[in-house]
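Participant: Residues per chain are reported as follows:
Protein chains: 2
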Amino acid sequence: MRIAVLGTGVVGQTLAGKLAELGNEVAVGTRDVDSLMARTDPQPTGAPAFSVWLESHPGVTVATFADAAAHGEVVLLATSGTVAVDALRLAGAGNLNGKIVIDVSNPLDFSSGFPPTLAVCNTESIGEQVQRAFPAAHVVKTLNTVNAQLMTDPAAVGGGDHQLFMSGDDASAKARVAALLSEWFGWRSIIDLGDISTARGPEMYLPLWLRLMNALETPAFNIKIVRG
Amino acid sequence: MRIAVLGTGVVGQTLAGKLAELGNEVAVGTRDVDSLMARTDPQPTGAPAFSVWLESHPGVTVATFADAAAHGEVVLLATSGTVAVDALRLAGAGNLNGKIVIDVSNPLDFSSGFPPTLAVCNTESIGEQVQRAFPAAHVVKTLNTVNAQLMTDPAAVGGGDHQLFMSGDDASAKARVAALLSEWFGWRSIIDLGDISTARGPEMYLPLWLRLMNALETPAFNIKIVRG
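Chains as they are written, first to last, in our numbering: chain B, 1 to 228; chain Z, 1 to 228.
Chain B extracted, bound-state conformation:
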């Protein structure tokens, strides 16, 4: 299928690479293609420059946010949460209306160093901001509680026996996203938390995730719900 991945960092690269490998037609969206392709130094996160990464991923194309979103039957929002709504405004409501937008972003604010704080939380979430800004898109928040590698390969830890969460106002969009995440990456267990306001939960889990990454000395972990 035709998929838009908005964002060129490690999350965008990992999602786009895996989705193209599976035979999808993937367009990665960015603010300014020329400026993106001119950069060759590694990103601040340690991810390779997108232009360098793209050389080894010839199945992926790069486009403006608007052209990528127009291309996609489904849109994956993989920018930083702090610029998510801006990126979608550049994509344009006309290219998003009626489509599923899978919001994998987190509102991490690194301006005071590590660990980051959240730019938005408690009474608000990026998922809600996006849904409010684009009421005709079907926003589904998910995947944001694991690192990029695990997003596309849940079996890498515990044989895949751990959980994702999902928030969104549209039940059929959530069912479709659950089916896609199973088909694409092998996710077997996704807990539907409820409407898009429940995205506050998984977004506010990030401060614990960051401290667990530090304590466990690896980002390759996830949580499994244990119940009676």
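A couple of the hints might just be wrong.
All copies of an identical chain are treated as equivalent in the list; a pair is satisfied when it fits inside any one copy or across any two copies.
[What the hints assert, rightly or not] Below, simulated SDA-like cross-link-like pairs (lysine to any residue); rule was C-alpha separation at most 25 Å, straight line:
(1) Lys224 - Asp153
(2) Lys224 - Asp192
(3) Lys224 - Gly159
(4) Lys224 - Gly160
(5) Lys224 - Ile190
(6) Lys224 - Ser189
(7) Lys18 - Val226
(8) Lys18 - Gly228
(9) Lys99 - Ala70
(10) Lys224 - Gly158
(11) Lys18 - Arg227
(12) Lys99 - Ser197
(13) Lys224 - Pro115
(14) Lys224 - Ile191
Hints in this document: simulated from the structure, not taken from any laboratory.
Mind docking chain Z on chain B? Use the hints.
Facilitator: Same frame as chain B, now just chain Z:
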């Protein structure tokens, strides 16, 4: 041993009841003993009135915050997070200095209904507020990520194979708390997240916990870390 439990809600009751059952001398601290004992209606949370509960727990005594804290070799802070520092001020620094204070509180703010928001989060936590207000106490944040029943009986789900977290500035206090939680309740796996500022992580997990409780239709669950 002599233990102070500050707070008379369901968490205070459950901790005090179990610790007394184990043979400890437990004093439950409250703001105003006479006013507490005069109330007989169930609490807003559904917990029984403390006076009613106490009738079936003769091994537990009730005292002012100050008298309870003076009694305790260890202090369990089981009030709402929103009044935690106030309760400890009433307990008095002189009754806390040099002691381990196990902070199990959460800053839940129900003033706008359910699910509650957090009264404090992101760049601050109750754990940090308490440690800052009582620099000579050894504050250890833990237990706040599970409900009262699971705090005292982790084996009730998944045979106890799931995790607690712990934050605190004093390594030997954390080691002692881990030993106590194992001895008292059977906790086998407690992840040390680091200094008291890491309490932001487990406190900010509460919004996810609340929505999971809603989705799973039970508070009897916890999370297990799954790693490679």
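Participant: Now tell me if each hint is right for this structure.
Facilitator: Evaluation of the provided hints:
no., hint, result
1, Lys224 - Asp153, "both (16 Å within a copy, 19 Å between copies)"
2, Lys224 - Asp192, "both (14 Å within a copy, 19 Å between copies)"
3, Lys224 - Gly159, "both (12 Å within a copy, 14 Å between copies)"
4, Lys224 - Gly160, "both (10 Å within a copy, 13 Å between copies)"
5, Lys224 - Ile190, "both (11 Å within a copy, 16 Å between copies)"
6, Lys224 - Ser189, "both (10 Å within a copy, 15 Å between copies)"
7, Lys18 - Val226, "between (30 Å within a copy, 23 Å between copies)"
8, Lys18 - Gly228, "between (36 Å within a copy, 20 Å between copies)"
9, Lys99 - Ala70, "within (10 Å within a copy, 62 Å between copies)"
10, Lys224 - Gly158, "both (9 Å within a copy, 11 Å between copies)"
11, Lys18 - Arg227, "between (33 Å within a copy, 21 Å between copies)"
12, Lys99 - Ser197, "within (19 Å within a copy, 41 Å between copies)"
13, Lys224 - Pro115, "both (24 Å within a copy, 22 Å between copies)"
14, Lys224 - Ile191, "both (11 Å within a copy, 15 Å between copies)"
Against the hints set out earlier in the document, no violation occurs for any number.
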